[in-house]
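Novice: Listed here are the chains, written in short residue letters.
Protein chains: 2
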Amino acid sequence: MTTLRTPGPTLGVVGGGQLGRMLAEAAAPLGVEVVVLDPTPDCPAAPVARDQIVADFDDETGIRELAARADALTFEIELADQDVLERVAEDSGTPVHPDPATLETIHDKLVQKRALEEAGVPVPPFRAVEDADDIRDAIDDYGAPVMLKARTGGYDGRGNVPVESKADAVEALESVAGPAMVESFVDFEREISVIAVKGDGETAAFPIGENVHEDEILRETIVPAGSDEAVERRALEVAEDVLEVMDGRGVYGIELFETTGGEVLLNEIAPRPHNSGHWTIEGAQSSQFEQHARAVLGWPLAATDLRSPTVSVNLLGDVAESRDAELRNVDRILETPAANLHWYGKRQVRPLRKMGHVTIAGREGETPDELLETARELERSVTFTSE
Amino acid sequence: MTTLRTPGPTLGVVGGGQLGRMLAEAAAPLGVEVVVLDPTPDCPAAPVARDQIVADFDDETGIRELAARADALTFEIELADQDVLERVAEDSGTPVHPDPATLETIHDKLVQKRALEEAGVPVPPFRAVEDADDIRDAIDDYGAPVMLKARTGGYDGRGNVPVESKADAVEALESVAGPAMVESFVDFEREISVIAVKGDGETAAFPIGENVHEDEILRETIVPAGSDEAVERRALEVAEDVLEVMDGRGVYGIELFETTGGEVLLNEIAPRPHNSGHWTIEGAQSSQFEQHARAVLGWPLAATDLRSPTVSVNLLGDVAESRDAELRNVDRILETPAANLHWYGKRQVRPLRKMGHVTIAGREGETPDELLETARELERSVTFTSE
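Heads up: the protein sequence lines correspond to chains A and B, in order.
Residue numbers in the first sequence follow my numbering, run continuously in steps of one, and reach 394 at the last position.
Residue numbers in the second sequence follow my numbering, run continuously in steps of one, and reach 394 at the last position.
Derived from the structure by calculation, the hints contain no laboratory data.
Please read all numbers here as calculations on a predicted model, not as lab measurements.
Hints are supplied without guarantee of correctness; some may be wrong.
Same chains, same label: a pair holds when it works inside one copy or across any pair of copies.
Said to hold, decoys possible - Under the rule of at most 25 Å between Cα atoms (straight-line distance), these lysine to any residue pairs were calculated in the SDA-like manner:
id: 1; residue 1: Lys361; residue 2: Pro186
id: 2; residue 1: Lys361; residue 2: Ser329
id: 3; residue 1: Lys173; residue 2: Val326
id: 4; residue 1: Lys173; residue 2: Thr311
id: 5; residue 1: Lys361; residue 2: Met8
id: 6; residue 1: Lys361; residue 2: Thr9
id: 7; residue 1: Lys361; residue 2: Gly15
id: 8; residue 1: Lys173; residue 2: Lys361
id: 9; residue 1: Lys173; residue 2: Ala212
id: 10; residue 1: Lys361; residue 2: Glu251
id: 11; residue 1: Lys361; residue 2: Arg94
id: 12; residue 1: Lys361; residue 2: Pro16
id: 13; residue 1: Lys173; residue 2: Ala108
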């Protein structure tokens, strides 16, 4: 039986960006303290967390210090080093969730896809790429275009290159520069995601959200998604199968394609709270961040019901080059009923950098389409540029 | 127009108890930083706030340091010293909200009642008490019993003494020990409260809540209250009139009696977020804490709509004497769908001390009565005692 004390349990988090910050915000009401490790002094999570250890994500000394101060370790970035985490967990006795082995599986997209396919998770046809011939073979088998992907280090669409014809194979492979894989291009109706949680002997999932990307970066998430019930059910089944493959407790962001034929195919997995789950803070009975804290500590999971139609929109850096972050004209957001502002506390804005988000939790009678329209207006009304 | 930067504006808060803690939790998503001043090292707000200044609530040096670090000052306890705050605000140029003059008006219940009566706010009949004869006169005029109240320093019903007959007047007056006033005893149908906000040229109010007290300490708040529409409307009118009397921006907790005749009478005012408004965190489109941060900074106020029927229940110290705080059997709370735990981070539990609260935000089809029953079960299922 869980007993609350003061101070409460401490979560040690590798990474102190916006995910660490929102995790600390969600942990506080539960009496759970957060210490983050991040190389940037006074990182986004620092003002909200109990403390920050300033060290690189793979700095073993820093992570040992983090483990010594924490009851459980977790990470909010895939850049965490699985070997270091494994070693520290073993030596310190402080558990790490999700399991570092999961990080390893996910880190290499080819390994990830193979593990998932083996477990019966539906994935687009794919193959390893050793040379340009493999890409040409893929075009023969799947039809053009195909999607060439860097096996490691991709993020927000970086490292993904569509290949339109066999003639482009060599150039595409050079642009990826490193181990690669190739996938059939999915003709999708919409992109959706499931925020799923693996707890201590139980699992949970939030209702599916529909994701709108532009330049391969998430712009908006809409809940409920426009999918029909059968697709939602199938997406939740797939998420359940994905959790079976994942080792260790925590929240997983599972990005899926809903094909034009109504099939559900896996796109990518993040072994942590995910941008497409920020809507849960206001839109669901509990947030993905509270669930992650509960799961990592081995506490019971919370309810995941949708409270009302909800839309979240990212506030991205609309600048040509890096500069001090000053978001102008925020009044429209502050004045809009039921618009919830989340500012990530980053000092510098960069082109397309995620600087914050706005969630609108619908009030009676408001439809997702109306919310989306309002969210887009709000996003367009603010700017980081001086003019 | 408001511009967001990093670091964002800083609120300096006199007091770092649970109200300061929840204020810091609500301020973080807005990019607003909180520094608290509190004499207890590592006070409840400390782990969540940017920083704590360890100093007494009326320590002028400490408050000057707080003002120097803050863009605006506020307080979460009535123990704040109005003279010191006024002096520091004037010298530092850092504004204080609400105005310290409001603190002075509220601090003395007789002064408070006179100011409110003058402004047309309905209050129970009352008079100043110089000696026991004034109490006897009140019994003649209002009928027995009457309520004798200490003019200053009362809190959670401390300093309130019902006087059943003229023969008890002397003893009652001695027990109050200090300047006193006497009020007609109100035959109330229920106690209700309005959490009202005074912003920059605008006001807002949350839907009324029904409050259940026991031993003069708040146990539960239920929203919507059982009052009929006319009473709710009248309560919101009264709250609007109260805000007229109050000087300076911020949240005010306005406790009211709904009489058996359907009248609304003012009971007490807190110039700060109030225990009976904790339900707003999950139950309303914005929380009283977010509203307080917005109001003090002069930002636009947020929407106050009720999201779904909501009940909050306090977790009070169920111990006979002070000891290290260990709340046992928390699993029932963690496992209950839509139950939200708030742990205040106090190291010591004392008899009836407020240690945390649980809010249940109703899901579709759940009635306030069902939520209240669940909330009471949860409250009974946890304990600070060892057995």
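Novice: The structure should be examined with respect to each hint, and the outcome stated for every one.
Specialist: So, going through the hints one by one against the coordinates:
Taking identical chains as interchangeable, the C-alpha atoms of Lys361 and Pro186 are never at most 25 Å apart, the minima being 28 Å within one chain and 58 Å between chains. Taking CA atoms no more than 25 Å apart as the test, Lys361 paired with Ser329 passes inside one copy only; the shortest distance there is 13 Å, against 47 Å between copies. Proximity of Lys173 and Val326 under a CA criterion of 25 Å is satisfied in neither setting, with 36 Å inside one chain copy and 77 Å between copies. In this assembly of identical chains, Lys173 and Thr311 lie within 25 Å of each other by CA distance neither inside one copy nor across copies; the values are 46 Å within and 59 Å between.
Taking the shortest alpha-carbon separations for Lys361 and Met8, only the inter-copy value of 22 Å comes in at or below 25 Å, while the best intra-copy value is 40 Å. For the homomeric pair Lys361 and Thr9, the shortest alpha-carbon distance between copies (20 Å) is at most 25 Å, but the shortest distance inside one copy (37 Å) is not. Within a single copy, Lys361 and Gly15 get their C-alpha atoms only as close as 31 Å, which misses the 25 Å cut-off; across copies the closest is 17 Å, which meets it. Within a single copy, Lys173 and Lys361 get their C-alpha atoms no closer than 35 Å, and across copies no closer than 70 Å, so neither meets the 25 Å cut-off.
When the C-alpha separation of Lys173 and Ala212 is checked against a cutoff of 25 Å, the pair qualifies neither within a copy, at 41 Å, nor between copies, at 65 Å. With identical chains, the CA atoms of Lys361 and Glu251 are never at most 25 Å apart, being 31 Å at best within one copy and 42 Å at best between copies. Taking identical chains as interchangeable, the C-alpha atoms of Lys361 and Arg94 are never at most 25 Å apart, the minima being 32 Å within one chain and 42 Å between chains. Taking the shortest Cα distances, Lys361 and Pro16 sit within 25 Å of each other only across copies (20 Å), while inside one copy they are farther apart (30 Å).
For the identical chains of this complex, Lys173 and Ala108 are neighbours neither inside a copy (36 Å) nor across copies (78 Å), given an alpha-carbon limit of 25 Å.
Consistency with the previously given hints fails for numbers 1, 3, 4, 8, 9, 10, 11 and 13, ordered from lowest to highest.
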